[in-house]
Each structure stands twice: as structure tokens, then as C-alpha cells.
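The letter at position 302 of the sequence shown is residue 316 when you use the working numbering, and the numbering goes up by one with no holes.
Simulated from the structure, these hints should not be mistaken for lab results. Glycine included, each C-beta is placed from N, C-alpha and C at the ideal position. Hints are supplied without guarantee of correctness; some may be wrong.
Said to hold, decoys possible - Derived Cβ-Cβ restraints for the label pairs, each shown as a range:
id, residue 1, residue 2, range
1, 310, 232, 25 to 33 Å
2, 299, 275, 21 to 29 Å
3, 93, 228, 46 to 54 Å
4, 253, 293, 37 to 45 Å
5, 72, 352, 54 to 62 Å
6, 289, 75, 27 to 35 Å
7, 229, 299, 16 to 24 Å
8, 216, 258, 28 to 36 Å
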Amino acid sequence: MADQQMMMMDPATADPRMIEIQRLKSHAHMDVSHRFRSPTLLAIGSICGILGFFLAFLIGLYDFYMHKTNFIGQPFASGHGYWPPTVSEMVSDWNSPQGRIFFGFCLIAAILLFQSWYPYELRNAYTGAESLNLCFIWPMYWITFRQIIPVVGLLMLICVSTVPSEKAQDDDSASVIVHLIGAGLMFVGYMVAEMKCLGMGFSSEIESYYLDMEDTEYCVRKALMIIVLFFYVAFCVLQCVLVWAQSASSDVCCRDVYMHAGEVFTGEGKTVSLQHAQLIDTASGAYLILKVFSYCTEVIAGLAILASHLSLWYFCEERHVHFAARSLKQVYNEEAGIEEDSGSSD
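Please work from the sequences and hints to get the whole structure.
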């Protein structure tokens with residue numbers, strides 16, 4: 015049929031693209047390879063992750079400027095709303111708008127990134143037979159490490175929420191630890207895999223045999239990894255500074271003020287016996303600046319990781335293949351009522 019359609023076309027008047035499509039259909043049949051589906055899944059997953067970070071930030075910013083009263087409606091003495099020191103704390107309440115939005119978009123991102131199998135399918139991420147010994151006892155390909163570790167970390171991060179330190183109880187420590195492990199797997203796991211791919215600190219002849227990367231792509235991806243590394247280290251340092259600023263030996267002003275379960279709060283003509291920890295006043299001054307910087311460094315590191323995924327999509331050769339111009343191979347002959355050879359030809 016395709017051959018007949020080509021014969022009926024007038025080369026002088028026919029659309030050259032239609033001629034090419036008919037030529038492909040007449041000479042090639044294929045099953046749609048996962049390699050050609052991978053770029054789209056990678057791009058959409060990355061965009062969903064970016065939307066999760068961005069929308070959570072917008073809602074958190076709105077709360078900071080609009081919600082400036084404590085649990086009984088008394089204005090905070092600082093004059094500020096509450097600003098969390100981490101993204102995890104901002105989205106820790108699953109019943110909040112930012113919590114639901116962040117969880118939803120990041121869950122979609124994790125599913126799509128995992129389903130893309132991009133370390134196995136894209137030539138600019140595929141390092142072939144290069145392997146590592148995980149904990150010195152478990153041999154694993156680097157492409158397997160890249161496929162599994164960061165995504166598992168992201169899922170742990172969003173599914174096991176953290177608890178603000180002032181509100182945490184003894185049995186919350188387990189979930190906080192699991193959450194922190196997830197954050198490490200996502201950030202550090204991806205950085206190690208990408209830096210390995212880029213030869214930043216360690217590389218091999220095996221990897222260079224399989225990997226395909228142009229100079230411009232290398233520069234862009236290396237710049238993004240430097241951004242991730244710098245801001246993630248800065249985030250970790252700021253977290254340590256905030257812990258020190260909460261200690262009795264610190265004179266950094268002025269931290270958030272909480273009252274804990276069992277204490278009695280009096281204000282606005284009301285006396286309330288607290289059943290659990292409540293925020294009485296919010297941070298201001300240098301302490302608030304530290305919290306904002308801590309939050310921003312984590313956001314920038316997270317967005318740079320997602321931008322790194324987008325750069326893989328942008329520079330990969332697979333996204334330029336017009337695979338849909340080829341017809342799918344027939345696997346069942348309805349007229350004869352028999353199965354055709356269903357072996358893949360891609």
C-alpha cells in the first residue's frame with residue numbers, strides 16, 4: 015500500500031516530508047523502542063519536579079507574608095510570619111497546600127524518571143560496563159546506581175516527612191533519620207553518578223568507550239554539577255550554623271519561640287494549657303536571615319539537579335529521531351486469523 019501511494023505522488027507537487035514519510039513506511043517496520051520514549055519521560059519528570067519546588071515556594075512565601083498570628087490569633091511580636099529553614103520542613107505537613115502539591119509533583123517526577131531508564135537508554139548518560147563495588151561487597155554497574163539510588167532517595171524524601179525539631183517527639187527520630195538518608199541518597203547519589211559520568215574526580219577508559227558527549231554539553235552539565243555541589247555544601251554548613259545558633263552559647267538573635275506540651279500560655283485574655291508544642295513568636299534578625307539562606311541553598315541545589323536532568327534531555331540525540339514516521343510491525347493477521355512473527359526489529 016505504501017509503495018502504491020508513493021507511485022501516485024507527483025514529485026513536483028507533493029510535500030517532501032510526506033514523500034519521506036511514505037519512503038520510511040515502505041522500507042521500515044519497527045516496534046517503538048524504549049530508547050525513543052525515554053527522552054520525553056525524562057523531560058516531563060524533570061519539569062514536574064521543578065513545578066513541585068516552585069509552587070511550594072510560592073505558597074510558603076504567601077504564608078510568610080500573610081499569616082503573622084499564633085494559634086490563638088495573637089500577632090507575632092517579631093512582625094514576621096514563620097519561615098522554615100528547609101524545603102522538607104515547609105512541606106512536612108501533608109494536610110497543607112504546599113505539602114500536597116510538593117508530594118504530588120515529586121511523586122510524578124520520581125515515577126517518570128524511573129520509568130525513563132535514561133541511564134540505560136541515552137548515549138550521553140550510558141557508561142556501559144563500568145561498575146563499582148557498593149560497600150565493597152555488592153558489584154553494581156554505574157548505570158544501575160544512577161537509575162536506582164537518586165530516585166529511591168527522592169521517594170524516601172517525600173514519603174517519609176520530617177518533623178520540625180521543636181515539635182519532634184522521641185518516636186519521631188526514626189522518621190527524621192529515614193528522611194535524612196533519603197535526602198543524602200538523592201543529592202549525593204546523583205552528584206556522584208553525574209560527576210563520574212563527567213570525569214570530575216574519577217573516570218576510566220571503559221566509560222569513555224561508551225559515553226557520547228559534545229563539548230557544549232559537557233560544559234553545561236559540569237557547570238550545573240558545580241552549582242549543585244557548592245549550594246548543597248553551603249546548605250549543610252548553614253544547617254550546622256543553625257544548630258549552633260540554637261545553643262545556649264550563641265548570641266545570634268532572634269530564634270523562633272515555642273512553648274511545649276504541659277506549659278500554660280496566657281495571651282489576649284486567654285489561658286491555654288498546651289497539649290503539644292506551639293509557635294509563640296517567629297524568628298527575626300540574623301537568625302531569620304540564616305534560615306532564609308539555608309532554605310534558598312537547598313532549593314537552588316535541588317533545582318540544579320532537575321536542570322541537569324533537563325540538560326541530558328536537551329542534548330541527547332534520541333529525542334531527534336522521528337520514530338513515529340515508521341509503521342509498527344504487524345503481529346496478527348486478522349484476515350488469516352494467524353499470528354505473525356512478533357520478534358522485535360528495532
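A quick look at each hint next to the structure:
1. 310 - 232: 25 to 33 Å: Between residue 310 and residue 232, where Cβ atoms are some 28 Å apart, the hint holds.
2. 299 - 275: 21 to 29 Å: 28 Å, holds
3. 93 - 228: 46 to 54 Å: 53 Å, holds
4. 253 - 293: 37 to 45 Å: 20 Å, violated
5. 72 - 352: 54 to 62 Å: For residue 352 against residue 72, whose Cβ atoms are near 58 Å apart, the range 54 to 62 Å holds.
6. 289 - 75: 27 to 35 Å: 30 Å, holds
7. 229 - 299: 16 to 24 Å: Violated, since residue 229 and residue 299 (Cβ atoms, about 47 Å apart) do not stay within the stated range.
8. 216 - 258: 28 to 36 Å: 34 Å, holds
The structure shown violates the earlier hints numbered 4, 7.
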